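Add chain S with the ligands to chain Y, keeping to what the hints say.
Those protein sequences? They're chains Y and S, same order as listed. Each residue of the first sequence is one higher than the one before, counting from 1 in the numbering used here. Each residue of the second sequence is one higher than the one before, counting from 1 in the numbering used here.
Among the clues, some could well be false.
[What the hints assert, rightly or not] Pair by pair, the computed Cβ-Cβ distance ranges are: (1) Val310(S) with Gln14(Y): 57 to 67 angstroms; (2) Ser119(Y) with Val310(S): 52 to 62 angstroms; (3) Met1(Y) with Leu327(S): 41 to 51 angstroms.
[As the list claims (entries may be wrong)] Per the computed footprint, the stretches of chain Y lying under chain S, defined by three or more beta-carbons under 8 angstroms from a beta-carbon of chain S, are: (4) 85–91; (5) 95–107.
[As the list claims (entries may be wrong)] Which chain Y residues stay away from chain S? Per the calculated CB distances, all over 12 angstroms, these: (6) Pro15; (7) Ser18; (8) Gly40; (9) Asp122; (10) His136; (11) Ser144; (12) Ala189; (13) Gly192; (14) Phe212; (15) Arg213; (16) Glu215; (17) Arg216.
These are computed hints drawn from the structure, not numbers from a lab. Owing to the predicted nature of the structure, the values given are computational and were not obtained by experimental measurement. C-beta: ideal position from N, C-alpha, C; glycine also.
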Amino acid sequence: MELEAIDLRLSFPQPDKSVQTVLDIERLSIAQARTVGLTGPSGAGKTSLMYALTGIQPLDRGTVRWGDVDITGLGQRECDRWRRINVGIVFQNFHLFPGMSILQNVTLPATFGRTGIASIRDRAKEVLSKVGAPDHRRRVETLSRGERQRVGIARALLLKPRLLFADEPTANLDAENAEQVTDLLFDLAAEGTTLFVISHDRRLLDRLDTSFRLERGVLSDPEEAA
Amino acid sequence: MNPIPVTFSDMRTNAAGIIAIVALIAVAVALGVGISAQERAVRQGGNVAAEPFDVLIGAPGSTTQLLFSSVYLQPAALDLVDGEVLRELAGREGVASFTPIAFGDNYRGMPIIGTTAGFTTLDDTAPLVEGTTFAGLYEAVVGHDVELALGDEFTPVHGMIETGEEQVEHEHDHVHYHVVGRMARRFSPWDQAILVPVESVWSVHGLGTGHEEPSSIALAMATEEGGRAEGDEHEDERAAEHDHGGPVALGPPWSALHIPGVPAIAVTPASIRDAYVLRTEFRNDPRTTAIFPAEVLLELYALIGDASTVLAVVSVATQVLVVGAVLLAVFSALQQKREALGVLRALGAPRVYVFLAVWLHVVLMVLVGSALGVALGWGVALGISAILAERTGLVLPVLITGKEIGLAGVLVAAGMILAAIPAVTVYRQSVSEVLRS
Ligand SMILES: Nc1ncnc2c1ncn2[C@@H]1O[C@H](COP(=O)(O)OP(=O)(O)OP(=O)(O)O)[C@@H](O)[C@H]1O
Ligand SMILES: [Mg+2]
Numbered sequence: 001m002e003l004e005a006i007d008l009r010l011s012f013p014q015p016d017k018s019v020q021t022v023l024d025i026e027r028l029s030i031a032q033a034r035t036v037g038l039t040g041p042s043g044a045g046k047t048s049l050m051y052a053l054t055g056i057q058p059l060d061r062g063t064v065r066w067g068d069v070d071i072t073g074l075g076q077r078e079c080d081r082w083r084r085i086n087v088g089i090v091f092q093n094f095h096l097f098p099g100m101s102i103l104q105n106v107t108l109p110a111t112f113g114r115t116g117i118a119s120i121r122d123r124a125k126e127v128l129s130k131v132g133a134p135d136h137r138r139r140v141e142t143l144s145r146g147e148r149q150r151v152g153i154a155r156a157l158l159l160k161p162r163l164l165f166a167d168e169p170t171a172n173l174d175a176e177n178a179e180q181v182t183d184l185l186f187d188l189a190a191e192g193t194t195l196f197v198i199s200h201d202r203r204l205l206d207r208l209d210t211s212f213r214l215e216r217g218v219l220s221d222p223e224e225a226a
Numbered sequence: 001m002n003p004i005p006v007t008f009s010d011m012r013t014n015a016a017g018i019i020a021i022v023a024l025i026a027v028a029v030a031l032g033v034g035i036s037a038q039e040r041a042v043r044q045g046g047n048v049a050a051e052p053f054d055v056l057i058g059a060p061g062s063t064t065q066l067l068f069s070s071v072y073l074q075p076a077a078l079d080l081v082d083g084e085v086l087r088e089l090a091g092r093e094g095v096a097s098f099t100p101i102a103f104g105d106n107y108r109g110m111p112i113i114g115t116t117a118g119f120t121t122l123d124d125t126a127p128l129v130e131g132t133t134f135a136g137l138y139e140a141v142v143g144h145d146v147e148l149a150l151g152d153e154f155t156p157v158h159g160m161i162e163t164g165e166e167q168v169e170h171e172h173d174h175v176h177y178h179v180v181g182r183m184a185r186r187f188s189p190w191d192q193a194i195l196v197p198v199e200s201v202w203s204v205h206g207l208g209t210g211h212e213e214p215s216s217i218a219l220a221m222a223t224e225e226g227g228r229a230e231g232d233e234h235e236d237e238r239a240a241e242h243d244h245g246g247p248v249a250l251g252p253p254w255s256a257l258h259i260p261g262v263p264a265i266a267v268t269p270a271s272i273r274d275a276y277v278l279r280t281e282f283r284n285d286p287r288t289t290a291i292f293p294a295e296v297l298l299e300l301y302a303l304i305g306d307a308s309t310v311l312a313v314v315s316v317a318t319q320v321l322v323v324g325a326v327l328l329a330v331f332s333a334l335q336q337k338r339e340a341l342g343v344l345r346a347l348g349a350p351r352v353y354v355f356l357a358v359w360l361h362v363v364l365m366v367l368v369g370s371a372l373g374v375a376l377g378w379g380v381a382l383g384i385s386a387i388l389a390e391r392t393g394l395v396l397p398v399l400i401t402g403k404e405i406g407l408a409g410v411l412v413a414a415g416m417i418l419a420a421i422p423a424v425t426v427y428r429q430s431v432s433e434v435l436r437s
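Isolated chain Y, as found in the complex:
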């Protein structure tokens, strides 16, 4: 999907009454690329940018347009709906639901609509085995960080979104598992999904079509992949 983001500005008031500018981006445009990377130091605003591009974080000003849709012009309800239909997100902190099994967590997005989980259960088990998640009956609060990460990825992949955002998807995985997960993300991209990855993982970044660097809320020119 094509992205056209113009004049994004996001700032937060600080306790000392000054204002911290988190995002200050004149223009971010992705036309050709299927797989996009975002790197930058901690606190640079990478997660904030991801939330802004998915409509989770309202901006001070600016427009974000995905394909024909200007999501900054949508009402909250329509924006939530657009996100539900088009976007999968792998959160940096996973954000799984304690008290639920792995399978319940992964199939949760299917309970939002009319489909229900019956038709999606096989797909869920398939994705879970691809990411190498443990027994799907286990409760998520018993899992290690690496295991949680994989469940989070499976949840984002479940409904084959047109846009997949992944915030540090390999940060908690060993090299072998990291590669497996990376393969999975690129498989999905090969099927037509646009991939947007925040990462410091060199081996992941090297495979992307293009990468941006964010520093103190300001974008550097895209460094074309080798």
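Relative to chain Y, chain S with the ligands alone:
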């Protein structure tokens, strides 16, 4: 759309808190339901017990005590109604039937009531379940639950309760009743009573039989004027005589020169009009007072009603507090669940879905708590009724009706409405902020 997994996961992660709140709701509902059901049980039980007594005549004094002593056989020392009243009632117009109710003796704590044969079957409206009614002076018909079999013999003890504190009790050694019949169930303390001819009660106490019988008149005189040893001797003789089948007149009319007094007289009037005439007449008579037990009960219920209104207000107040507690708990749970609800929204869950996830959480707790409360209230009322039945002999039927369900329903409805508040506030939070915390 199915938010139930989210609701249940919330509950699973905070099971102890949920159980505490559900228990709190259950107790509050049980209080309201129990009070309401118990109050009705007392009314119905009281009415059933009072049914055989249309008009009660007693000596002037406390009408409440007259009611309790006759209908519920509560021990009390009542003044006696002049025996002449019995003579007057026998010929009176407007009286379908009447019977003296003479208490004072007991057998193993079960009151022995001197009465007429007609009263053992309520004038044939409640046939005996076994045996026949009494035809001899020392024959007895037992209440439905009395543990005596037909043919058993027993000796009465003076005093209304077995271990009377004030009265010095003594056995009427020389007297032996034997059981000839058993009454139908009356759902009242009368199920624990033993009914005997009033003539025998008089006779046991040396007052004759109330019927014209030269020897008994002489006996009565002797007892009043002479020593009691002499009287006892005579009684023994007479008792022996009757046990051997000597014919004795039983029941009205009594014709002795001096008819002994009785604590109470139950009158069945010929018509409703007669009932009012009788009551007025015997109220105005300086020797007597007269009551409609049903009416006295209504006055008593009014008192109970006042008390139960106070209790009902208390229980509603409790329920309001509980709803408040529920909301507090939900808001604090919301605080803990902020992340989950934020993630739901980030994943694009529709508003209704998020709303329902929170709303169901509250409503489920209130529903389960209320259902448990109704069951608990019913159980407690049944328990209280069982204890009262054992202590008083009154059968108090506990029923859960629309009124009790309605009480619980009000709480559920309130819960459903109030649950919308936290469900709506979820939407006032910034998702991105929630996701960071
Ligand atoms: N709601 C908020 N209120 C105040 N400050 C915020 C808020 N959201 C983000 N920030 C600030 O914005 C800056 C960027 O945060 P962000 O999480 O986007 O960084 P990041 O690049 O993802 O860092 P990391 O690599 O550590 O994940 C941080 O300084 C953060 O404290
Ligand atoms: Mg981040």
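Hint check:
1. Taking 57 to 67 angstroms as the suggested C-beta distance range, the pair Val310(S) and Gln14(Y) conforms, at roughly 58 angstroms.
2. Restraint check, Ser119(Y) to Val310(S): a C-beta distance of roughly 59 angstroms satisfies the suggested window 52 to 62 angstroms.
3. Between Met1(Y) and Leu327(S) the beta carbon distance is about 44 angstroms. The supplied range of 41 to 51 angstroms therefore holds.
4. Check result for the segment 85–91 of chain Y against chain S: holds, 4 residues qualifying (beta carbon to beta carbon below 8 angstroms, three or more required).
5. With 6 residues having a Cβ less than 8 angstroms from any Cβ of chain S, the segment 95–107 of chain Y passes the three-residue criterion, so the hint holds.
6. Remark: the non-interface label on Pro15(Y) is consistent with the geometry, its nearest Cβ contact in chain S lying 15 angstroms away (cut-off 12 angstroms).
7. With a closest Cβ-Cβ approach of about 19 angstroms to chain S, Ser18(Y) is found to remain outside the 12 angstroms limit, as its non-interface label requires.
8. For Gly40(Y), the non-interface assignment is confirmed: its Cβ lies about 17 angstroms from the closest Cβ of chain S, beyond the 12 angstroms cut-off.
9. At roughly 18 angstroms, the least C-beta separation between Asp122(Y) and chain S is larger than 12 angstroms, which holds for a residue marked as non-interface.
10. The claim that His136(Y) lies off the interface holds: its Cβ sits roughly 14 angstroms from the closest Cβ of chain S, which is beyond the 12 angstroms cut-off.
11. At roughly 19 angstroms, the least C-beta separation between Ser144(Y) and chain S is larger than 12 angstroms, which holds for a residue marked as non-interface.
12. Every C-beta of chain S lies more than 12 angstroms from that of Ala189(Y), the closest at about 21 angstroms, which supports listing it as non-interface.
13. A cut-off of 12 angstroms between C-beta atoms confirms that Gly192(Y) is not in contact with chain S; the least separation is 20 angstroms.
14. The claim that Phe212(Y) is not at the interface with chain S holds, since no C-beta of that chain comes within 12 angstroms of its own (minimum 20 angstroms).
15. Distance check for Arg213(Y) against chain S: the nearest CB is about 22 angstroms away, which clears 12 angstroms, and the non-interface claim stands.
16. Consistency note on Glu215(Y): stated as away from chain S, and its beta-carbon is indeed over 12 angstroms from all of that chain's, at 20 angstroms minimum.
17. With a cut of 12 angstroms on Cβ distances, Arg216(Y) stays outside the contact zone with chain S, its closest approach being about 18 angstroms.
Violated hints are absent here; each numbered hint is respected by the structure.
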